[in-house]
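Here is how the chains run, residue by residue.
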Amino acid sequence: MAPLLEVEHLTKIYSLGGGTKAGRWLKQRLTNTVPHQPRLHAVDDVSFTIEPGESLGLVGESGCGKSTLVTMLVRLSDPTAGVIRFEGRDISAIPAKRFGRTADRGRIQVVFQDPHESLNPRHTAFDVIAEPLRRLQAMNGKALEAKVRETAERVGLPDTLLGRFPHQLSGGQKARVNIARAIAPEPRLLVLDEPTSALDVSVQAVILKLLDRLRRELGMSYLFVSHDLNVVRLLCDRVMVMYLGRVAELGPAHDVFTEPGHPYTRALISAIPGAAPPGGPVRLEGDPKSPIDPDPNACRFHGRCPIGKELCAGTAPPWVPLGPAHGTACHFARR
Amino acid sequence: MSNVPLLEVDDVSIEFRTRSGVVKALEDVSFTVAKGEIVGLVGESGSGKSVSAYAAMGILDAAGVVTKGRIAYQGMAINGAKERDLQALRGREMSMIFQSPRTALNPIRTVGRQIGDVLRRHGGATRQNWRERAIAALAQVRIPDPARRAEAYPFELSGGMCQRICIAMALACEPKLLIADEPTTGLDVTTQAAIMDLIANLCRARGMGALLITHDLHLAAESCDRIVVMHAGHVVETGPVQALFARPLHPYTASLLAATPSPDRSLDDIGAIPGNLPDLRAPLPPCRYRTRCQRALEVCDREPLPALVEGKKEGTQGAFGPLHPQPTANAAGQLRSGDGSAVAPGGTGGQNPPHPNHHTVRCWNPLRTEEAA
Ligand SMILES: Nc1ncnc2c1ncn2[C@@H]1O[C@H](COP(=O)(O)OP(=O)(O)OP(=O)(O)O)[C@@H](O)[C@H]1O
Ligand SMILES: Nc1ncnc2c1ncn2[C@@H]1O[C@H](COP(=O)(O)OP(=O)(O)OP(=O)(O)O)[C@@H](O)[C@H]1O
Ligand code: SF4
Ligand SMILES: [Mg+2]
Ligand SMILES: [Mg+2]
Numbered sequence: 001m002a003p004l005l006e007v008e009h010l011t012k013i014y015s016l017g018g019g020t021k022a023g024r025w026l027k028q029r030l031t032n033t034v035p036h037q038p039r040l041h042a043v044d045d046v047s048f049t050i051e052p053g054e055s056l057g058l059v060g061e062s063g064c065g066k067s068t069l070v071t072m073l074v075r076l077s078d079p080t081a082g083v084i085r086f087e088g089r090d091i092s093a094i095p096a097k098r099f100g101r102t103a104d105r106g107r108i109q110v111v112f113q114d115p116h117e118s119l120n121p122r123h124t125a126f127d128v129i130a131e132p133l134r135r136l137q138a139m140n141g142k143a144l145e146a147k148v149r150e151t152a153e154r155v156g157l158p159d160t161l162l163g164r165f166p167h168q169l170s171g172g173q174k175a176r177v178n179i180a181r182a183i184a185p186e187p188r189l190l191v192l193d194e195p196t197s198a199l200d201v202s203v204q205a206v207i208l209k210l211l212d213r214l215r216r217e218l219g220m221s222y223l224f225v226s227h228d229l230n231v232v233r234l235l236c237d238r239v240m241v242m243y244l245g246r247v248a249e250l251g252p253a254h255d256v257f258t259e260p261g262h263p264y265t266r267a268l269i270s271a272i273p274g275a276a277p278p279g280g281p282v283r284l285e286g287d288p289k290s291p292i293d294p295d296p297n298a299c300r301f302h303g304r305c306p307i308g309k310e311l312c313a314g315t316a317p318p319w320v321p322l323g324p325a326h327g328t329a330c331h332f333a334r335r
Numbered sequence: 001m002s003n004v005p006l007l008e009v010d011d012v013s014i015e016f017r018t019r020s021g022v023v024k025a026l027e028d029v030s031f032t033v034a035k036g037e038i039v040g041l042v043g044e045s046g047s048g049k050s051v052s053a054y055a056a057m058g059i060l061d062a063a064g065v066v067t068k069g070r071i072a073y074q075g076m077a078i079n080g081a082k083e084r085d086l087q088a089l090r091g092r093e094m095s096m097i098f099q100s101p102r103t104a105l106n107p108i109r110t111v112g113r114q115i116g117d118v119l120r121r122h123g124g125a126t127r128q129n130w131r132e133r134a135i136a137a138l139a140q141v142r143i144p145d146p147a148r149r150a151e152a153y154p155f156e157l158s159g160g161m162c163q164r165i166c167i168a169m170a171l172a173c174e175p176k177l178l179i180a181d182e183p184t185t186g187l188d189v190t191t192q193a194a195i196m197d198l199i200a201n202l203c204r205a206r207g208m209g210a211l212l213i214t215h216d217l218h219l220a221a222e223s224c225d226r227i228v229v230m231h232a233g234h235v236v237e238t239g240p241v242q243a244l245f246a247r248p249l250h251p252y253t254a255s256l257l258a259a260t261p262s263p264d265r266s267l268d269d270i271g272a273i274p275g276n277l278p279d280l281r282a283p284l285p286p287c288r289y290r291t292r293c294q295r296a297l298e299v300c301d302r303e304p305l306p307a308l309v310e311g312k313k314e315g316t317q318g319a320f321g322p323l324h325p326q327p328t329a330n331a332a333g334q335l336r337s338g339d340g341s342a343v344a345p346g347g348t349g350g351q352n353p354p355h356p357n358h359h360t361v362r363c364w365n366p367l368r369t370e371e372a373a
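Chains as they are written, first to last, in this note's numbering: chain A, 1 to 335; chain B, 1 to 373.
Chain A on its own, in the form it takes in the complex:
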């Protein structure tokens, strides 16, 4: 079967101001040179696939480009380079502004981080869930109402709550509304950017079980961004680890957690609270490299890497296969 989503060499670069536009123009005129404009490599040459019904976890250091990647995949922002193929169709060429009106909008849905902040305070739960159905599928009347009720039931939201506004709902109820809104148009791919980090453990347990059940019932694929590796392990088949815009490691969740190949992955796993390995957690020393104008001929992790050598400073690491579906970008990957 063809993958549901294929991402190839996806890149997002932000040009940083470096002064005002007029200032740059003036400088260019006066010095007769094109001033260098710093470029921030938020996502740099990322490739991966998601199979139908598969759940891929995305983890990595704060600021490594996870949210940037997500907003490109759900086509809320345009890539600088690279290709996103969904069900075999290239969707990266359609500008983000227009994508919202295509049929694929309903097939790729996203749940954002904070259920408290991502709901419009003036819309009832019913309106929130109905909105994508109205907009994308032109549903109305009885059919709309039936669909909203069915979806609410699926996520365990009692009928009686549908008339309520966000401030009248608990955190867990708001999270359910958010999930209901995303699954109402029956997406094939559901992207979740830290869906449970604002929830307490009890509500989180409920939502994780819900997500697990929905995936089995509806056959959706998930891209699941989270900082909680214990949660990723529970919900994901495969895991992708990013470091400063690049993919550091990708493989089956069990293998990545038990036999991490990349030293960053090892540090990450050793720092999971409550799961420190015998030698204690690996603390990363040294300053992280800058995402601005990174050296293309160095490993992004060099300088903080506990096992890095001279080679890493002068040659970008190749992709090293570690197993059938497991690989890492490291010169000294543990095999």
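Honestly, the hints are just simulated from the structure, not real lab data. Treat the hints with caution; some may be incorrect.
To be verified - Dumping the calculated SDA-like pairs for lysine to any residue here, alpha-carbon to alpha-carbon at most 20 Å: (1) K209(A) with S45(B); (2) K209(A) with K68(B); (3) K68(B) with R265(B).
As the list claims (entries may be wrong) - Label pairs and their computed distance ranges (CB to CB): (4) R265(B) with R39(A): 40 to 46 Å; (5) Q37(A) with S13(B): 34 to 40 Å; (6) G163(A) with T18(B): 55 to 61 Å.
Stated by the list, open to error - Partner residues aside, some chain A positions facing chain B, computed with beta carbon under 10 Å: (7) G60; (8) T68; (9) G171; (10) Y264; (11) L268; (12) K289.
The beta-carbon is built from N, C-alpha and C at its ideal position, and this holds for glycine as well.
Go by the hints and put chain B with the ligands onto chain A.
Frame of chain A, contents of chain B with the ligands only:
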């Protein structure tokens, strides 16, 4: 005065007067934070953690009223203090990291300047050195390329980076008391570890005291000295971190632990806590956990909650004794802890706070030591 804790919350009740009724957000809440220690405040959403923090900072919502008890910073009363005095305290002596950091930042000022502003107002920075110190503060919270990132606006940074900017701002004035409301929820575990190391170092080196509010029990277990567990506006259990997590006494604490994912648990192993937090506007039973509790006794409906301390009876681990030297009129004879040793009720107020290192619980039928282990 070396025995005076940095922060003392003593028998505090807080109500919010809203249009839909009076929300009894906190009732008889007591805890302390001493110099150099990190105290973890845990509990479900809505249990009153942020309200406690706001009350300690003297920044309660206008609808919120402290109806009972005393909140003191180094012996100085916070509730009832003049706003001017509080403002002086908040800048220099105590600072807070808020729960939703993005909204706490000014969207149209670079982050370097925002940290600089705090440094100049409260941290003694000058026009000459504020920039340098702001960059150092960014480096401290592990922002890569701090000199250039100081020029960034909040929208140009990731969620976790904004969160770290707020942490840098809260630490910039070298507070004696730090109140951190979910400071690391948006951070990956290695960055979280670096931030917690930073806070722990400040506690060790400068004697800063910290109140760490978190949902993450693993994090609390790893970084805190003592834990305060709250449920629906009550403190239900307090104790040294190891004892509390190894032998939770309150059924609620045990349920919280059972809901927490960990490396050796599958989805089926983690269980949500049955029932919901009670509506804090409705009349409430003496124990607010009553309707969710599987160990409830008949006495739970009748009597005010007891305050018990573990191990008071010498030599017998797991035996409970009264928290306060003179038990109140409650019938001590009715009580048995699970292992048959005597449990005596204490007073229901906080007039005589226990030693902070005691493991205390407010429950008529606490878990047995063996059971919990
Ligand atoms: N609009 C923007 N302009 C310039 N730089 C940006 C912009 N948006 C994001 N960045 C930069 O891109 C990088 C990646 O940010 P992103 O939000 O994707 O990180 P993240 O992995 O989601 O982090 P977190 O875990 O903290 O949410 C960061 O260095 C950030 O500063
Ligand atoms: N301004 C207010 N007006 C009315 N009720 C309030 C107000 N602020 C808080 N409350 C109520 O007080 C209770 C405690 O809220 P608080 O914000 O302290 O919870 P929390 O433990 O911090 O939860 P979370 O983990 O979700 O942040 C809740 O029932 C809440 O609805
Ligand atoms: S006091 Fe009673 S109802 Fe409350 S937690 Fe203890 S046993 Fe349960
Ligand atoms: Mg993000
Ligand atoms: Mg809170």
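Each hint tested on the structure:
Of the supplied pair hints, the one linking K209(A) and S45(B) holds, its CA atoms being roughly 19 Å apart against a limit of 20 Å. Of the pairs offered as hints, the one joining K209(A) and K68(B) is violated, with about 41 Å between alpha carbons and a cut-off of 20 Å exceeded. Simply put, K68(B) and R265(B) have alpha-carbon atoms about 43 Å apart, too far for the 20 Å limit, and the pair is violated. Between R265(B) and R39(A) the Cβ separation comes to about 44 Å, which falls inside the hinted range of 40 to 46 Å.
With their beta carbons about 59 Å apart, Q37(A) and S13(B) fall outside the hinted range of 34 to 40 Å. In this structure the supplied range 55 to 61 Å is violated for G163(A) paired with T18(B), their Cβ-Cβ distance being about 20 Å. A distance limit of 10 Å between C-beta atoms decides the matter here; for G60(A) the minimum to chain B is near 7 Å, and the interface restraint holds. Interface hint status for T68(A): upheld, as the beta-carbon distance to the closest one in chain B is roughly 8 Å, under 10 Å.
The beta carbon of G171(A) comes within 5 Å of a beta carbon in chain B, closer than 10 Å, and the hint placing it at the interface holds. The beta carbon of Y264(A) comes within 8 Å of a beta carbon in chain B, closer than 10 Å, and the hint placing it at the interface holds. This hint holds: L268(A) has a C-beta 6 Å from the nearest C-beta of chain B, less than the 10 Å allowed. Because the closest C-beta pair between K289(A) and chain B is about 6 Å apart, less than 10 Å, the hint holds.
Hint compliance for this structure: hints 2, 3, 5, 6 are not met, and every other hint is.
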